[in-house]
Amino acid sequence: MQIIINGKTYAANPGEKILDVARRNGIEIPTLCHSEALPGLASCRLCMVEVHENGRTQYVASCTYPVADGMEVFTNSEMIAARRKILLALYNLIAPDSARIKGLLARYHVEPFDRLEADPDSKCILCGLCVKACEELGTNAISTLNRGTKKKIGTAFNEPAADCIGCGSCAIICPTQAIEMTEAEGNRTIWEKTFELLRCRDCGEYFTTPESLEHVRKKLGETVGNIEELQLCNYCKTKRAATRLKDGLHLDEYLDSDK
Amino acid sequence: MSEISQIKSETLKIAQKYLPERRFLLAILQDIQRHYNYLPAEAMKTVAQYLNVPLVKVCGMATFYKAFSLTPKGKYIIKVCDGTACHIKGSLNLLSEIETILGIEPGETTADGLFSLETVACIGACGLAPVAVINDEYHGNLTPASLRQILQQYQGGIEDAK
Ligand code: SF4
Ligand code: FES
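So the sequence lines, in the order shown, correspond to chains A and B.
Using this note's numbering, read the first sequence as starting at 1036 and increasing by one per residue.
Using this note's numbering, read the second sequence as starting at 2 and increasing by one per residue.
Among the clues, some could well be false.
Incomplete in silico selection of chain B near chain A, CB under 8 Å [stated by the list, open to error]: (1) 42; (2) 55; (3) 56; (4) 57; (5) 58; (6) 60; (7) 61; (8) 64; (9) 65.
In the DSSO-like style, the derived pairs of lysine-lysine whose C-alpha atoms are separated by at most 30 Å in a straight line are [claimed, not checked]: (10) A/1228 - B/46; (11) B/76 - B/90; (12) B/67 - A/1187.
Hints listed in this document are in silico derivations from the structure and should not be mistaken for laboratory results.
For every residue, glycine included, the Cβ atom is placed at its ideal position computed from N, Cα and C.
Please model the complete structure; the sequences and the hints are all you need to start from.
Below is the structure:
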């Protein structure tokens, strides 16, 4: 299967989304509500592209729009560029402190709106990525609440959530860093709940909460291989895996030292 | 029975009229709202358990629809229509009259728990504009004066009079 993006032909696989094919081939499409770890949400609309298909022109969210053989995609048509600018200028008003949005503003030469005032306290663009992450993890501690101008992300009854394991995924995945997560003296506080932090077995750095570890262990169930490796921070886990690989491949013979 | 366990068992009775499937969440919440005139927190927890739906998703739905209230509502719910026709015919005057008499604004409930005030956007009775619905009773062609009289009837216990 082939699709045409900005006049060039690219191979694509059935079921893939336009964004996947574009990114794989280094074609730039800006996104806010997208994470490679999650299915597309089609909520920020920043990934919009122009699609010519069966003689029709459409403007679609490339993060969820599936490819079709022979489809023609434009990521930077006049229409798209104009709409993208408006979107970014609006997002800049909702999340005026966001470095990521500021970066996109510069990247796409967007003049900030001067006739509308930014809300200095608002950070969240309500993209829903945090909720999706929490859902996919199977914890379901947060959701969108209320509607319209009162819509927000929060926990049940706005109370510290029994379901929250303090993993911090929502805060890490948020494109505008709208979720407050603080760490001090071996504790992590998020969504008004405070967790103890565990140290990595190898390097001794704080890295996760006991609740998160337990969640992962339960999820993996019988398939959990080396329990001890769960107790390592990402860095040390990668290091151990790399060491194993190196030893297995007998790379020592090719490398002078392990710098 | 404590109040909490009573809510739990009542809620369960309501919920069990439906299969424990997520698609019935809205319908069950509507029945609970009808039963209590609001959604008690304990009832929402019970439904979440019964349907095996995360509690926060139940909260999400409960806070999304205007038909639900998370705080107890008054015995009489006054819905003042503020659709185009009623608006032009003076629904705002009705609202300020209610505020003078009862001291509540839309979304609020009187301290004695007798009245809650809401506005709705067109109830489809434009011929009667301006209209207010009190529980299921329609009152049309209202003026602040006639509304005052009607409210007095409710305050005097209209149901006992019937
Ligand atoms: S908190 Fe962040 S991730 Fe969640 S909806 Fe808001 S902007 Fe999106
Ligand atoms: S990335 Fe597609 S809508 Fe946000």
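If you test the structure against every hint from before, which numbers come out violated? none
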